[in-house]
Amino acid sequence: QKEVEQNSGPLSVPEGAIASLNCTYSDRGSQSFFWYRQYSGKSPELIMFIYSNGDKEDGRFTAQLNKASQYVSLLIRDSQPSDSATYLCAVDTGRRALTFGSGTRLQVQP
Amino acid sequence: GAVVSQHPSRVICKSGTSVKIECRSLDFQATTMFWYRQFPKQSLMLMATSNEGSKATYEQGVEKDKFLINHASLTLSTLTVTSAHPEDSSFYICSARFGSGSDEQFFGPGTRLTVL
Chain A
1 QKEVEQNSGP LSVPEGAIAS LNCTYSDRGS QSFFWYRQYS GKSPELIMFI YSNGDKEDGR
61 FTAQLNKASQ YVSLLIRDSQ PSDSATYLCA VDTGRRALTF GSGTRLQVQP
Chain B
1001 GAVVSQHPSR VICKSGTSVK IECRSLDFQA TTMFWYRQFP KQSLMLMATS NEGSKATYEQ
1061 GVEKDKFLIN HASLTLSTLT VTSAHPEDSS FYICSARFGS GSDEQFFGPG TRLTVL
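If you're matching them up, the sequences are chains A and B in order.
Just so you know, we're using my numbering here: the first sequence kicks off at 1 and counts up by one.
Just so you know, we're using my numbering here: the second sequence kicks off at 1001 and counts up by one.
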């Protein structure tokens, strides 16, 4: 079982719709959870992080964490074509380095 | 956010040569830096954790004698790929953390290595 799992996609949504990206993790001791966006050929850029159960909102982005079910999700409201990228879920299990999922490719159709 | 730079951004070399990649934290002191590798259409895989003033901690399966890491100061870590081979061709990305109290990691722009 992979430590961090994501559906590879592609996830295709029309412009203006809500994109929902999901991630599950195996280590119950995981403490911090991150969502990164990566454009092709570029390094990841941090979108947001979450530590506590529940929702955390930042602009058009909402991260949701459920430690009991060991999943974390990212919602993107009012999706734009510029949001088209690969979204990486990353987990800090306490080792201080991040364990990444394989990423979900999002395509926002104009 | 904090700025992390990498140099060079792209390098092409012949098989058997060594390549050095620099990772710098430009506006903060990074007690810990991480080196990741990403093959096409795959996720980032941690190679090693680099702590200033001490030996790097390598992940299982990563050859420490092939991938030499030096973290000589709080703002600079280097990764040297020794005797590079075509299978070492990859996207190498470093990241840096603030002090021990911060979970945020800031990534460098990456170095694309192509070994002919």
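Among the hints, erroneous ones may be present.
Under the rule of at most 25 Å between Cα atoms (straight-line distance), these lysine-lysine pairs were calculated in the BS3-like manner [what the hints assert, rightly or not]:
1. 42/A <-> 1041/B
2. 1014/B <-> 1055/B
3. 42/A <-> 1020/B
4. 1014/B <-> 1064/B
5. 2/A <-> 1014/B
6. 1055/B <-> 42/A
7. 1055/B <-> 1020/B
8. 1020/B <-> 1066/B
9. 67/A <-> 56/A
Computed beta-carbon distance windows for the label pairs [claimed, not checked]:
10. 1072/B <-> 58/A: 34 to 42 Å
11. 1064/B <-> 15/A: 45 to 53 Å
12. 1041/B <-> 18/A: 21 to 29 Å
13. 1055/B <-> 18/A: 21 to 29 Å
Calculated from the structure, these hints are not laboratory results.
We put the beta carbon where it would ideally sit given N, CA and C, even for glycine.
Distance restraint between residue 2/A and residue 1014/B, which requires alpha-carbon spacing of 25 Å or less: Outside the cut-off at roughly 35 Å; violated.
Regarding residue 1072/B and residue 58/A, is the given constraint of 34 to 42 Å on their beta-carbon distance met? At roughly 36 Å between Cβ atoms, residue 58/A and residue 1072/B fall inside 34 to 42 Å, so the hint holds.
Range first: 21 to 29 Å. Now tell me if the beta carbons of residue 1041/B and residue 18/A are that far apart. This hint holds: roughly 26 Å between Cβ atoms.
Look at the Cβ atoms of residue 1055/B and residue 18/A and judge whether their distance stays inside 21 to 29 Å. For residue 18/A against residue 1055/B, whose Cβ atoms are near 47 Å apart, the range 21 to 29 Å is violated.
So if I understand the rule, the pair passes when the alpha-carbon distance is 25 Å or less; does residue 1055/B with residue 42/A pass? violated (29 Å)
Does the structure keep residue 42/A and residue 1020/B at a Cα separation of 25 Å or less? Holds. Residue 42/A to residue 1020/B sits at ~20 Å (cutoff 25 Å).
Holds or violated: the 45 to 53 Å window for the beta-carbon distance between residue 1064/B and residue 15/A? Given range 45 to 53 Å: holds, Cβ gap about 48 Å.
Straight-line Cα separation of residue 42/A and residue 1041/B no greater than 25 Å? holds (12 Å)
Between residue 1020/B and residue 1066/B, is the straight-line Cα distance small enough, at 25 Å or below? holds (12 Å)
Between residue 1055/B and residue 1020/B, is the straight-line Cα distance small enough, at 25 Å or below? Measuring from Cα to Cα gives roughly 17 Å; hence the hint holds.
Checking one constraint from the list: CA of residue 67/A to CA of residue 56/A, max 25 Å. Satisfied? OK: residue 67/A and residue 56/A at ~14 Å, within 25 Å.
Does the alpha-carbon distance linking residue 1014/B and residue 1064/B stay inside the 25 Å limit? holds (21 Å)
Checked against the numbered hints given earlier, the structure breaks hints 2, 5, 6, 13 and satisfies all the rest.
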